[in-house]
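Chains A and B supply the protein sequences, listed in that same order.
My numbering runs 808 ahead of the 1-based position in the first sequence.
My numbering runs 808 ahead of the 1-based position in the second sequence.
It is worth saying that the hints were derived from the structure and are not from the lab.
Owing to the predicted nature of the structure, the values given are computational and were not obtained by experimental measurement.
One should not assume that every hint holds.
Where chains are identical, the list cannot tell them apart; a pair therefore holds if satisfied intra-copy or between any two copies.
To be verified - EDC-like cross-link-like pairs, simulated, lysine to aspartate or glutamate; straight-line CA separation at most 20 Å:
#, residue 1, residue 2
1, K1017, E1263
2, K1122, D1222
3, K895, D1197
4, K1017, E888
5, K1017, D1222
6, K1017, E1193
7, K1017, E1056
8, K1104, D936
There are 2 protein chains.
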Amino acid sequence: MTLFMQALRFSSSRLPFICRRSRTYSTEAGAIERVISAFRSVSGDEGVSVGSAVREQHGRDESAHRCRPPDVVVFPRSVEEVSALAKICHHHQLPIIPFGTGTGLEGGVGALQGGVCFSLRKMDQVLDLHQEDFDVTVEPGVTHRGLNSYLRDTGLWFPVDPGADASLCGMAATSASGTNAVRYGTMRGNVLNLEVVLADGTVLHTAGKGRRPRKTSAGYNLTSLFVGSEGTLGIITKATLRLFGIPESMVSAVCSFPSVQSAVDSTVQILQAGVPIARIEFLDDVMINACNHFNKLSYAVTPTLFLEFHGSSKNMEEQVSITEEITRDNGGSEFAWAEDEETRGRLWKARHDAGYAALALRPGCKAYSTDVCVPISRLPQIIVETKEDLIRNNITGHVGDGNFHCLIVLDPNDPDEVARVHSFTERLVRRALAMDGTCTGEHGIGLGKRALLREEVGPLAISVMQGIKATLDPKNLMNPGKVL
Amino acid sequence: MTLFMQALRFSSSRLPFICRRSRTYSTEAGAIERVISAFRSVSGDEGVSVGSAVREQHGRDESAHRCRPPDVVVFPRSVEEVSALAKICHHHQLPIIPFGTGTGLEGGVGALQGGVCFSLRKMDQVLDLHQEDFDVTVEPGVTHRGLNSYLRDTGLWFPVDPGADASLCGMAATSASGTNAVRYGTMRGNVLNLEVVLADGTVLHTAGKGRRPRKTSAGYNLTSLFVGSEGTLGIITKATLRLFGIPESMVSAVCSFPSVQSAVDSTVQILQAGVPIARIEFLDDVMINACNHFNKLSYAVTPTLFLEFHGSSKNMEEQVSITEEITRDNGGSEFAWAEDEETRGRLWKARHDAGYAALALRPGCKAYSTDVCVPISRLPQIIVETKEDLIRNNITGHVGDGNFHCLIVLDPNDPDEVARVHSFTERLVRRALAMDGTCTGEHGIGLGKRALLREEVGPLAISVMQGIKATLDPKNLMNPGKVL
């Protein structure tokens, strides 16, 4: 995700091919005005804003989707305030749009029908760190970098890293992931409990208040239901997360390949050999070229893997030797090593800057990112086919878990190019679906992929999701128009 | 879980303290009779049974709960038959109770209101093994041992093992776990997709038909909703599961300790040191004594850990040396090693036989098992307190993930003892809840823990669960009276 989040920071205007949202108002005219004073009585004057700059800023994420901004932005300081504000919205039937850091990639914070944006940045406390149990509870204003900085001296970290410095509760809401997912999993596996304010203002603890056992069979798994619900079922006001011990040692390496096929074949074989690799990222020739220019580097302009190994020095040796054997058999180059933190930092910065780099090659253009995910054995075929389909653009991704991205740089004022990109995207998703995959490995559905979701899971699953939504939010106030 | 499942095979009559189920019929008298021929037209004469022996056998699991048996048992051979039979039940408002192997521990298969038991044992095919992607799809008649025997020559295995040879779809339904969970996780983390027949006979694919990406952010996580739903939301007719590479090497060890505290402290420290241990099982002195008698063994009669390490020979060395250092520091004995498969088998058989062993000490008695789970740092305190509370009985469990069991052997004809056990159980669960834990780590809620579930998650979470249940099963036909 990293790459595109950063890349999309450049895209400030709407891309016609994914922004055909209607701007119908469902909120009764004047309803917002009448409740402003009620909001102020809960959160104070400084906790409620109707200024156009603040509203604009809270009406968009890092995607190309541009919708209308919310009618008002509230800044609650506690779950009690969130609950009280939600009750007011519920009473007046005003849409509620939760807002973390605005780093989403699928238009999840757009106020399709107007309504009230709940900006949660003032709730920024790290609560209840249990070092001995490897868990922590955070408020929604805490980002993953903020948490890791808080944890600095504990020997623990939270490894899920989508690239942008997203809030952890927002990452739970979108089921985020990132470059470390191969070893540490995604948000889905690392959330133990959530506190959620429902549409009517009641406060739900998905696994029971304060509970944090490593495993449970106690009733329906409500925690997993809210992870990935993208704000459509409730406002996440606390997340209890698993932590991990910082590995004794981390080393990174870069390896060049003669072809896309040989790089991706290596990935599949490394995974199949059971190497507990921490990251394995693919960059194609176009992307490497862009990186070289942008970061004054001189990597060979061929398909490339960026790798990272975590572990003790002893078991690292073993991981590396198996991996080197596989890459060598596939015609890969010697590894270019990055062992010290600074060199590792430079390497991953080059990887994360790839989006900026790609955009820098075509000044004035915008970016759009796909994020299909397929079973790993299908990766070589889909990446090779996609590369042929899209010869001049960039492909990269966390190939180790089957998830890759096409960063498409396009001129939004060229209708031909826009149409070509649109139809490419559809072909790509259909190709992934035909290979038992998904249209989204980590970015979520948001606004742009709702039709694809239906194609992916089928009408019955959609109607089950709609039933769940109607149960939890019968008035359809929670982030309406997203996901379903 | 292992232990108690096997132990509970001995308990053939009802335990008064957990079997106060009413036997009200909600099915209209004669309704079943009128639909038998419709069932036969779907599944043939041999696919429908009203014989009392067959019904009795399908009306109970391995728990002490004894309810009325179902009115009829059907044996569908395909998802199409399951769907057709469910439609008949739906039309006639007959309860549906899914039945896998009957190895549950919480009374999940009892026909509280009568109705139709769907025995799924004839659907026993392993489908769509994707070795290269480490996944497989199984029908509900496939057990975990059956699957592992099918996988024998592939280098892959499915490690979740609750002890009894349960069906994999049943394990998904109860969110099962077992001794390997410390390293490989539970069913919750290892199910990629489910095919489910809903109450009205429609066929849902929780992640979309045939999809099996390693990660996805596509809509609400319906797969996780059905894992642990205990048959109350639908009948699982296929499960797509993650597989793992069989580790290069596995070794087991036994270590004795001077006290409960020192054994459990060791566990916590081993986990905190980040040792990727495969199993770490605690047996107290009473349990070890029973094992020695039952299996003609001579382990020291003191608190004991059974340990297992998986990995390459190289990284095994490292795991073992860290573990030995920790146990030595806590006053543990030298490790008694079991490296070859036969010795390992004997060791784990002793562990698994512990239930029989405990019962053998008090002939004529019955067994009941608790399965609370707490954050690992709270384990020493809760186990020490529980041991003091229950000095003559047995404690064991998968301590590495915070889950432990008290195997209580009692005379069901002694009302005093029954009352004592009942109040002990309540004290234990309250103790676990006070330590941020859960009343059930892996056995599920079933019949006996419904009041405890409410205490654990609170009334709002219960009402959200009830709302989801009502959405998916508005007539309350799916395994009524369980969980909620």
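Unmet hints by their number, sorted upward, for this structure: The structure breaks hints 2, 3, 5, 6, 7, 8; every other hint is satisfied.
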